[in-house]
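Sequences listed follow chains A and B, in order. FYI, in our numbering the residues of the first sequence are 366 to 988. FYI, in our numbering the residues of the second sequence are 194 to 704.
Just so you know, these hints were derived from the structure itself, not from any lab. Model, not experiment: these values are computed from the prediction. Heads up, a few of these hints could be off.
What the hints assert, rightly or not - Restricting the straight-line Cα-Cα distance to at most 27 angstroms, the calculated cross-link-like pairs of lysine-lysine (BS3-like) are:
id, chain 1, residue 1, chain 2, residue 2
1, B, K228, B, K570
2, A, K897, A, K735
3, A, K392, B, K570
4, A, K392, B, K228
5, B, K228, B, K308
6, B, K308, B, K570
Claimed, not checked - The following residues of chain B were derived to be distant from chain A, with all beta-carbon distances above 12 angstroms:
id, residue
7, T394
8, H430
9, H553
10, H554
11, A683
Backbone N, C-alpha and C fix where the C-beta goes; we use that ideal spot for every residue, glycine too.
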Amino acid sequence: MSLAQMVLAILLLPLGAAAVIALFLRKQGALASWVSVAAAGAVVALTLPLVFLQAGATGSVEWLRLGSLTVSLGFKLDDLARLMLFVVSFVGFLIHVFSLGYMRNDPARARYFGGLSIFMFSMLGIVLADNLFMLFVFWELVGFSSWLLINHWHERQSAADAAKKAFIVNRVGDFGFLLGIVMCWWLNGTVNLSELDARHIVSAAVPLLLFCGVLGKSAQMPLHVWLPDAMEGPTPVSALIHAATMVAAGIYLLCRVNVLMVPEALNIIASVGTVTAVYAALCAVVQRDIKKILAYSTLSQLGYMVAAFGLGSTHIVLRKVGVVVVDLWASFGVGAAMFHLTTHAFFKALLFLGAGSVIIGCHHEQDIFKLGGLRKKMPLTFATFTIGVLAIIGMPGLAGFFSKDAILYLAMEKSTPIFLALAFTAVLTAFYMVRLWKITFFGEARSAEAKHATENGISMTVPLLVLAILSVVGGYSGVFGRLAGRVADLVPDAEGSAHTTILLVSLGVMSLGAGAAWFFYPAAGTDALEAKSSVVFSFFVALKESFDRVYGYYVAKIQQRFAMVLNFLDNIVLAGFIIRGLAGLVGLLGYGARALHTGNLHAYVYWFLLGTVLLWAFATGFF
Amino acid sequence: MNFPDNARLLQLAIATPLVSALVIALGRPKRHALKLAAAAFALPALIAIRLWAQFPAGAGADYQFASRLDTGLAGFGISLQLGLNGVSMPLFVLAGIVGLAAGLYALRSGAERLKIYLLLLLVMQGGLLGMFASVDLFYFYFFHELALIPTFLMVGVWGGRDRNYAAMKMTIYLTVGAMLSLAGLIAIYVQSGAQSFDLVTLRAELAAHPLPFTVQKHLFGLLLFGFGTLVSLWPLHTWAPLGYGAAPSSTAMLHAGVLKKFGLYGLLQVGLPLLPQGAQHWAWTLALLAGLGNVLGLGFVTMAQRDLKQMLGYSSVMHMGYCFLGIASLSVIGAGGVVLLMVAHGLSVALLFQLATCIHHRTQTFDLTEMGGLARKAPVLAAFFAAAIFASIGLPGFANFWGELAIFVALWKFSPWITAVAVAGVVISAVYGLRAAARIFYGPPSEAFQRAAAAQPPADLDWKERLPALLLLATLLFIGFWPRAVSDAADAALRASLPAVVPTATVTFHR
Numbered sequence: 366m367s368l369a370q371m372v373l374a375i376l377l378l379p380l381g382a383a384a385v386i387a388l389f390l391r392k393q394g395a396l397a398s399w400v401s402v403a404a405a406g407a408v409v410a411l412t413l414p415l416v417f418l419q420a421g422a423t424g425s426v427e428w429l430r431l432g433s434l435t436v437s438l439g440f441k442l443d444d445l446a447r448l449m450l451f452v453v454s455f456v457g458f459l460i461h462v463f464s465l466g467y468m469r470n471d472p473a474r475a476r477y478f479g480g481l482s483i484f485m486f487s488m489l490g491i492v493l494a495d496n497l498f499m500l501f502v503f504w505e506l507v508g509f510s511s512w513l514l515i516n517h518w519h520e521r522q523s524a525a526d527a528a529k530k531a532f533i534v535n536r537v538g539d540f541g542f543l544l545g546i547v548m549c550w551w552l553n554g555t556v557n558l559s560e561l562d563a564r565h566i567v568s569a570a571v572p573l574l575l576f577c578g579v580l581g582k583s584a585q586m587p588l589h590v591w592l593p594d595a596m597e598g599p600t601p602v603s604a605l606i607h608a609a610t611m612v613a614a615g616i617y618l619l620c621r622v623n624v625l626m627v628p629e630a631l632n633i634i635a636s637v638g639t640v641t642a643v644y645a646a647l648c649a650v651v652q653r654d655i656k657k658i659l660a661y662s663t664l665s666q667l668g669y670m671v672a673a674f675g676l677g678s679t680h681i682v683l684r685k686v687g688v689v690v691v692d693l694w695a696s697f698g699v700g701a702a703m704f705h706l707t708t709h710a711f712f713k714a715l716l717f718l719g720a721g722s723v724i725i726g727c728h729h730e731q732d733i734f735k736l737g738g739l740r741k742k743m744p745l746t747f748a749t750f751t752i753g754v755l756a757i758i759g760m761p762g763l764a765g766f767f768s769k770d771a772i773l774y775l776a777m778e779k780s781t782p783i784f785l786a787l788a789f790t791a792v793l794t795a796f797y798m799v800r801l802w803k804i805t806f807f808g809e810a811r812s813a814e815a816k817h818a819t820e821n822g823i824s825m826t827v828p829l830l831v832l833a834i835l836s837v838v839g840g841y842s843g844v845f846g847r848l849a850g851r852v853a854d855l856v857p858d859a860e861g862s863a864h865t866t867i868l869l870v871s872l873g874v875m876s877l878g879a880g881a882a883w884f885f886y887p888a889a890g891t892d893a894l895e896a897k898s899s900v901v902f903s904f905f906v907a908l909k910e911s912f913d914r915v916y917g918y919y920v921a922k923i924q925q926r927f928a929m930v931l932n933f934l935d936n937i938v939l940a941g942f943i944i945r946g947l948a949g950l951v952g953l954l955g956y957g958a959r960a961l962h963t964g965n966l967h968a969y970v971y972w973f974l975l976g977t978v979l980l981w982a983f984a985t986g987f988f
Numbered sequence: 194m195n196f197p198d199n200a201r202l203l204q205l206a207i208a209t210p211l212v213s214a215l216v217i218a219l220g221r222p223k224r225h226a227l228k229l230a231a232a233a234f235a236l237p238a239l240i241a242i243r244l245w246a247q248f249p250a251g252a253g254a255d256y257q258f259a260s261r262l263d264t265g266l267a268g269f270g271i272s273l274q275l276g277l278n279g280v281s282m283p284l285f286v287l288a289g290i291v292g293l294a295a296g297l298y299a300l301r302s303g304a305e306r307l308k309i310y311l312l313l314l315l316v317m318q319g320g321l322l323g324m325f326a327s328v329d330l331f332y333f334y335f336f337h338e339l340a341l342i343p344t345f346l347m348v349g350v351w352g353g354r355d356r357n358y359a360a361m362k363m364t365i366y367l368t369v370g371a372m373l374s375l376a377g378l379i380a381i382y383v384q385s386g387a388q389s390f391d392l393v394t395l396r397a398e399l400a401a402h403p404l405p406f407t408v409q410k411h412l413f414g415l416l417l418f419g420f421g422t423l424v425s426l427w428p429l430h431t432w433a434p435l436g437y438g439a440a441p442s443s444t445a446m447l448h449a450g451v452l453k454k455f456g457l458y459g460l461l462q463v464g465l466p467l468l469p470q471g472a473q474h475w476a477w478t479l480a481l482l483a484g485l486g487n488v489l490g491l492g493f494v495t496m497a498q499r500d501l502k503q504m505l506g507y508s509s510v511m512h513m514g515y516c517f518l519g520i521a522s523l524s525v526i527g528a529g530g531v532v533l534l535m536v537a538h539g540l541s542v543a544l545l546f547q548l549a550t551c552i553h554h555r556t557q558t559f560d561l562t563e564m565g566g567l568a569r570k571a572p573v574l575a576a577f578f579a580a581a582i583f584a585s586i587g588l589p590g591f592a593n594f595w596g597e598l599a600i601f602v603a604l605w606k607f608s609p610w611i612t613a614v615a616v617a618g619v620v621i622s623a624v625y626g627l628r629a630a631a632r633i634f635y636g637p638p639s640e641a642f643q644r645a646a647a648a649q650p651p652a653d654l655d656w657k658e659r660l661p662a663l664l665l666l667a668t669l670l671f672i673g674f675w676p677r678a679v680s681d682a683a684d685a686a687l688r689a690s691l692p693a694v695v696p697t698a699t700v701t702f703h704r
């Protein structure tokens, strides 16, 4: 099997699985799920050798050609793509396996697994794409898969609304993204990534327009509103699409088009990421739904990655390699962002699947204040979830510690305000995660569901274990370095006194947040913050709802009314006055025609035929 | 490849529905009439696919499968000249496939006086196939009228609510539009001095001796507003939502899907190549009408619709705006996008109109606000409808995406602001498309639907409904996955016919 064939197989196997399921297995849920899992497994099997052999390759075929426009279907397998390929296929496979258990009793299992396969196809397409047009194609397709899977329980109004919202909000971002691609094509005559690497015209508009796509897909402010709602989808979907992979595609895109970046654009990107990180962390503090907490946490962590990317290229020290000064500017941002993307994929997938395990164990109870005491009833879930919590809050030695430190260090070097904001976010992260962890797993069971909770079967626990191991070891260079190749060299590394400072800072913020939450929140059925300081609590709630309010107002009051007004004008003014006026004139002619109006259908048909013949006869000079 | 044979097949494809209509009119018993009609829809589709497969894409600039028949009008420079080039080939396939789907659906529609309904559909189908295969402008127009008149009859007789008003309005608009474009065509014939309606001759003649700018300006204006009315250019569009709202489904499928493309096709094959300076003169007017009127304005109007068929009608008008914008871009990229989008839109809108009727059979209403939760009873119908909606809002994987993409790319060179307006339309169409899908199929069942379901439990799509839908969907996906099946031939044809349009703007980047 040649390299190109392997890449092609990675891309097409999930598509094939989805097609087979859609065409033949709609009513055989069990078989459909195994077909989908097998395809995901085969993708991992093909990916691993590519990653560990550090195989690099490109190749393409022409997909569309019109005039000077050529769109090609090609792949670019470099270090960045390989890292992402590993994350997507490996985490994806684990979540497929987890879904076997999670969706066991779902009547529409076939549709679910077909959707997962479509998603894998689309996501792998983004990873492999060698040009922006192709990337956009798959970018839209992950949006579709996301719609499909959020909409899985479509009988629920909330799920149907959330799916629609997710797709539309993403389309708003893609408005800018597509314009950016088109502009880039006209400026440079190409949107091929390697060719852009080699040569491109500097422009601030292109990267900013492309970043609009990231706002949507990676749910950055102000387009973040769809992600919390997307939790209406089945939990494994939240883990795969709305935490580990698809939402990270925005960060991957930024790294892919890194060369196009200019300082102005990067400053904006860093600011947007920072604001999102802080805002979402604040929102997470007052959530009660276990998945919503994790969703806001995801938003916040994505903000971290975006901020990291944006930071990377401002005034960084140039590196000397021998006598040659290598211009590595933006690349530190890429390293830090991709590092955190990878570790986040591991521990956030772990946390979501852990939440899924809790939700199944407790018969779909998602309110943490109605859970409690699960530490003993679901020991394996508890243990792995604990590892996930420790990883995300940055416990030294775990994956999240290393990647978060890299970002904090970069921020400290580059921008004090961003550093302070991100450090504050880290405090909040530790705070809301420990809150979630303590209230869910400690104390007494506070509902019948939690009382009768039981640990789940191996299809669900094994993925948890594997992800827990990755959440521990994923940050070490022996693992990440192996996966990321040269991208790992771009991770900023604190040395000397900076190392000590950053270590102290991160230990400090972690213990502050975690300790505060541990002592502030009793494992009880009410929210301590709401009880003790309702002003702060309602401020956070208002903060969270402000965006939805504004958008809700826009949709209901502005957009819809504008549409009604235009519709009125169209119907009354255009169609009514102007056209009826004309019709009156024609109506006079109608008097004559009415003589022929016999109401007999055959008559019409024969009149028509006769007329044709007469016309013809006249034209040919028959008369 | 045996060209004379294929030329015969092309003639056969056009003759079959017309002759069958005649046979049915002469009174074959109904049982045979249905079989005959089925065969008469299937044969042209099969021929179209065969010709498509054998079409030499690289030679798309020349008319393939050509033949010439004298019909007694040679004195006027008119003869029945048939052939397909890279632009007409995809549209001929569109006509064949949508015709077959509409025919299959009509066969089981249980319409009253089914025989006459089928007869009219067959005449329409013959006209549509002939229209795209005509190299002679007279016959191009003649076949269009042949397809148009049965449309009026079908809307007036088999139509739904408001059918009389709708039929009258459609007739007035489309007749006026057709008259204007006929005047334009005749004027070209007169002004060119070529003494011929043959498009190839006209092209050669006018390339050698272009018409003066003022003449071009007036002639293109005639064609633009004539053809524009037929394609529902804002503000000449108001017949369309009303007409489609009232038309029986197979008629709407054929008209919105195929017949409406006559005007765009005319602008691409006649207007742009023969009157390049005229086109340049009108480009901004066209771009503003189509961009602000069709795409943006009517996009919002579409959002406000409560009636499913009206909504589809408006969305179809909105998408025609993209086609006009592609034409206004005066470039091979844009025109190629128009060819792709014409085919794609034809397939997807036909699919949507068919499914709208399938939905109506189950809910007894077209009112979106009264629907809800149909997916739990009819999951396959829901899947088809969702696919059709995603196709029409330009999701990659379906043909429509490629047309829109090429048009957006071409427009940037014309004007980035107009491009932004056009791309904003993509957001708008996602809003109304997904909203409609959600209202009809998802969420808890509405009260009205529960009542309708209690009276008559709705079944999922049966095979007679699935077959035409599958045919359309499969074609959309095929072109979506492999757009070169359409674009290669179109590119060759447009490169040959269009460079004259914008001698300065043929940008040659290495990719």
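Cross-check of the supplied hints:
1. B/K228 / B/K570: violated, 32 angstroms
2. A/K897 / A/K735: holds, 19 angstroms
3. A/K392 / B/K570: holds, 15 angstroms
4. A/K392 / B/K228: Judged against 27 angstroms, a Cα distance of about 34 angstroms means the pair is violated.
5. B/K228 / B/K308: Given that 27 angstroms is the threshold and the Cα spacing comes to 11 angstroms, the pair holds.
6. B/K308 / B/K570: violated, 33 angstroms
7. T394: holds, 20 angstroms
8. H430: For B/H430, whose nearest Cβ neighbour in chain A is about 8 angstroms away, the distance does not exceed 12 angstroms, so it is violated.
9. H553: holds, 21 angstroms
10. H554: holds, 21 angstroms
11. A683: violated, 7 angstroms
Checked against the numbered hints given earlier, this structure breaks hints 1, 4, 6, 8, 11; the rest are met.
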